[in-house]
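Peer 1: Letter by letter, the chains look like this.
Number of protein chains: 2
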Amino acid sequence: MKRDSRLSSVLHALLHMAEHDGSMTSEALAQCMNTNPVVVRRTMGLLRQAGLVASARGPAGGWTITADLATVTLRQLHEVLGEPAVFAIGNRHETPDCLVEQSVNAALDAAFADAEALLLERFAHVTLADLAADFARRHAERHAKRNE
Amino acid sequence: MKRDSRLSSVLHALLHMAEHDGSMTSEALAQCMNTNPVVVRRTMGLLRQAGLVASARGPAGGWTITADLATVTLRQLHEVLGEPAVFAIGNRHETPDCLVEQSVNAALDAAFADAEALLLERFAHVTLADLAADFARRHAERHAKRNE
DNA sequence: TTTCATGTAACTTCAATTATTACAAATCGT
DNA sequence: ACGATTTGTAATAATTGAAGTTACATGAAA
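One line per chain: the protein sequences are A and B, in this order.
Count along the first sequence starting at 1, add 1080, and that's the number in this note's numbering.
Count along the second sequence starting at 1, add 1080, and that's the number in this note's numbering.
It cannot be assumed that every hint is accurate.
Repeated chains share a single entry, so a pair holds when one copy, or any two copies, can fit it.
[Unchecked claim] Cross-link-like lysine to any residue pairs, in silico, SDA-like; alpha carbons within 25 Å at most:
hint: 1; residue 1: K1082; residue 2: P1164
hint: 2; residue 1: K1082; residue 2: Q1182
hint: 3; residue 1: K1082; residue 2: D1177
hint: 4; residue 1: K1082; residue 2: C1178
hint: 5; residue 1: K1082; residue 2: E1107
hint: 6; residue 1: K1082; residue 2: T1146
hint: 7; residue 1: K1082; residue 2: C1112
hint: 8; residue 1: K1082; residue 2: A1150
hint: 9; residue 1: K1082; residue 2: P1139
hint: 10; residue 1: K1082; residue 2: G1131
hint: 11; residue 1: K1082; residue 2: E1196
hint: 12; residue 1: K1082; residue 2: A1209
hint: 13; residue 1: K1082; residue 2: T1144
Simulated from the structure, these hints should not be mistaken for lab results.
Take these sequences, add in the hints, and give me the full structure.
Peer 2: Given below as structure tokens:
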């Protein structure tokens, strides 16, 4: 299975936008993340529908953040992306007739549900502002190291 | 991405074997789970390497459980299957140069690590015997319902 | 020695994400 | 108005990894 990296991608894009004055084009964002402008538009389009970013066409167009960094959580972004499947492991059949398989599914589903709940709980407590602050810390650290 | 359902599959197979007297052929197991005998051999082969099952060739051959159902956990089976990736969501690049992406990865990795730890912890506390008992309960329930 | 079953390699199919191509629509500067 | 720029989006291809299939060798039992 190819892993869904859209959450990682949009976070990367949003933080670059936060650091950047004015708007950024799909082209610029695509270069940041080694991908294609169309892919950027597709995923950013979902954020726009959710009111988190705005886009403008034409020269001087591009993408800008409209939401408050402190209020946008990873969980919210996960939802905006359509709540993609979290796990790469799963049951063979979803609603089997076989009682044996039903027992297996029940056990696995319970474990997966708990793990997913924890993941989303963690996601709910990380905001874009937290990530921006973490970036600032790393940035300062690297600068300090360079001047040692 | 196609989800990895091998854990679900081997559990299904092992429980059928536990309910069944004597050995079961790959063919019989494959029919239980709507798949191909070769797929069964591939995955069961891993369990054999781990000493959990034994196989015999020729007529009257097939697969038998050699481990104690009470000591085999879902976590152990997950390990035997090669600890496949748990998540269908992941970072775009694993070791990025970009500091922004490093912050993003760190935040996501922390959340994923916690969720995976919880999942494996849950897996560690479910044995084949637990699943067999759950199946027996479901079986009895269905029998009772039929005779209402 | 025939038959049945596992053991494996090689290849194909399948499902899902990501990438690419192509072009329409809108906006800005001149 | 025109041309350059940029988003919007549909359609299609490439990629990746699991699952399925084919083919055949190996071994065991009647």
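Peer 1: None of the hints should be skipped; say for each whether it holds.
Peer 2: Comparing the hints with the structure gives:
| no. | hint | verdict |
| --- | --- | --- |
| 1 | K1082 / P1164 | both (13 Å within a copy, 13 Å between copies) |
| 2 | K1082 / Q1182 | between (28 Å within a copy, 21 Å between copies) |
| 3 | K1082 / D1177 | between (30 Å within a copy, 22 Å between copies) |
| 4 | K1082 / C1178 | between (30 Å within a copy, 23 Å between copies) |
| 5 | K1082 / E1107 | within (24 Å within a copy, 31 Å between copies) |
| 6 | K1082 / T1146 | neither (31 Å within a copy, 35 Å between copies) |
| 7 | K1082 / C1112 | within (21 Å within a copy, 29 Å between copies) |
| 8 | K1082 / A1150 | neither (31 Å within a copy, 35 Å between copies) |
| 9 | K1082 / P1139 | neither (35 Å within a copy, 41 Å between copies) |
| 10 | K1082 / G1131 | neither (29 Å within a copy, 31 Å between copies) |
| 11 | K1082 / E1196 | both (19 Å within a copy, 18 Å between copies) |
| 12 | K1082 / A1209 | neither (29 Å within a copy, 34 Å between copies) |
| 13 | K1082 / T1144 | neither (29 Å within a copy, 35 Å between copies) |
The structure does not agree with the numbered hints 6, 8, 9, 10, 12, 13 stated previously, though it agrees with the rest.
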